[in-house]
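Throw the hints in and build the complete structure from the sequences for me.
Following the UniProt record's numbering, the numbering of the sequence shown begins with 1 at its first residue and continues without gaps.
It cannot be assumed that every hint is accurate.
[What the hints assert, rightly or not] Simulated restraints on C-beta separations:
no., residue 1, residue 2, range
1, G438, Q140, 35 to 43 Å
2, D17, K442, 54 to 62 Å
3, K442, S366, 23 to 31 Å
4, R451, N127, 23 to 31 Å
5, Q168, E439, 23 to 31 Å
6, G438, S201, 36 to 44 Å
7, R275, T208, 31 to 39 Å
Treat the hints as calculated values from the structure; they're not laboratory data. Since this is a predicted model, take the numbers as computed values, not measurements. Just so it is clear, CB atoms sit at the ideal spot from N, CA and C, and this is done for glycine as well.
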Amino acid sequence: MQIGAKEGTLTGNIEFDRFGNRKNFDVSIVDLVSNTKATFNSKEILAWRQGVGFFSNRTVAQHSRKSQSDHKDNQVIVLTNLVAPFVMIKRECVEMANLTECQGNNKFEGFCIDLLKLLADKIEGFNYIIKLGTKAGSKQPDGSWDGMIGELLNGNAHAVVASLTINQERERVVDFSKPFMTTGISIMIKKPDKQEFSVFSFMQPLSTEIWMYIIFAYIGVSVVIFLVSRFSPYEWRVEETSRGGFTISNDFSVYNCLWFTLAAFMQQGTDILPRSISGRIASSAWWFFTMIIVSSYTANLAAFLTLEKMQAPIESVEDLAKQTKIKYGIQGGGSTASFFKYSSVQIYQRMWRYMESQVPPVFVASYAEGIERVRSHKGRYAFLLEATANEYENTRKPCDTMKVGANLNSIGYGIATPFGSDWKDHINLAILALQERGELKKLENKWWYDRGQCDAGITVDGSSASLNLSKVAGIFYILMGGMVISMLAALGEFLYRSRIEARKSNSNSMVANFAKNLKSALSSQLRLSIEGGAVAQPGSQSHNAIRRQQVAAFLPANEKEAFNNVDRPPSTLYNTAV
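In structure tokens, the structure reads:
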């Protein structure tokens, strides 16, 4: 079957075989791979034919789209509107509009103006003239379009380069390029008043639970050091009194343990230091703990004092929707209004019904009116607008607005052209090339952040500046582990010393009495640990035992065994040793 076609169709005759498949047709091949300027504007047109393959065919070429060279002498009319920082009039041109430098395209500046310059460098023959339009445009009840979309449909312009959102309704009537920027609907509110620093602001770098845990750790470590110093025999001192007796004492009393632990936490020294292994383990764990805590506190305090804390009344769209104290609105007749009106999400439907029911109305005619309402209503009005405009206004004086929460959706800005425009493919390829080279990101940084007029050192949520337990739990675990190891070491020292004393007492006795002597030594050491010291009077058994240990410490090794085997060594030996 063959359908009669007019001469000059792109694919030749329209003919079908008996199975309904098309046959005897040509396909034009267009090279759009390279991102060079030459390739954007010179399409190498070949043809492919069934049963023949690729071939060069001038007939195909003359039926292809109109060559870009036909437009070299024509100006491309570009519509845009004044929305900072996309398109703005230069400050000097506002004050002195008659300047030569302020004629035609030269009087404009902004993101879209720089984008047009980059496109002109990429696309040969893209000679444009900028004309100002009104709003973006929306569909009217009679099916027509107003704004810049309407101008484009009426043939009054070749392209719209502005902060024009790509959506389904607009895509049905115009062609959009690849997005040159991605954004979304966001919430703008007035900045809340800064919180005044109180007299106890120095405690705020650490959360309340951390301060409580530090106090418990301080008391617990003091108790552990007291216990290990009591049970460890190496912390006891034997001193001779003026009357010839001996005093057994320990420096780590309850008071001294509390003082030693506090001094270590305050990075100060004391006159007493642990001599036993168990005491040193406990002290080392506490010193490591205090080092981390003090370092974290110091670092957080510096950041805390340099940031301005503010508590936002709302922090998300959910917070905004579930309250009625703060009214909220949008720009009427734009893409944001279409998003809420036709949304299938329940919370957005509820917000749309709320905005429609408000008297006086919460809808505004422009972004400028909505932003001014945010500033003048003293925190009682929130404005929903695209994040690009939100972030830009937040960096402009008087620096009294802020963005809260995440974007409600994800949308893109694109360049609109009429259906069948010769410029669409060239613009698409140019935008992709600019994205790959990072040129669009540079433009975004230039117009949004590099020229900011406000201080960025602000934290919305003051609680985020405080260290909480989850961030420092590890050092508490290390501290507890050190205390457990210290207690085990103290127990080992206690048992080891008691065993040595039992062996000394058992040297002249039967082996069967070793258990009895060990029990006696354990009881003696335990009594000493609990009582906290003792005084041995001359002639008492305790006095002789202490004296015996002192003498044995000064004897050479070959005489020490003989000395231990004597029940009551002569006094001359005592005097010689001493």
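Structure-based check of each hint:
1. G438 to Q140: 35 to 43 Å: holds, 40 Å
2. D17 to K442: 54 to 62 Å: Because 55 Å falls inside the window, the suggested range holds.
3. K442 to S366: 23 to 31 Å: Holds, at about 29 Å.
4. R451 to N127: 23 to 31 Å: holds, 29 Å
5. Q168 to E439: 23 to 31 Å: holds, 29 Å
6. G438 to S201: 36 to 44 Å: holds, 43 Å
7. R275 to T208: 31 to 39 Å: holds, 38 Å
The structure meets every hint from the earlier list without exception.
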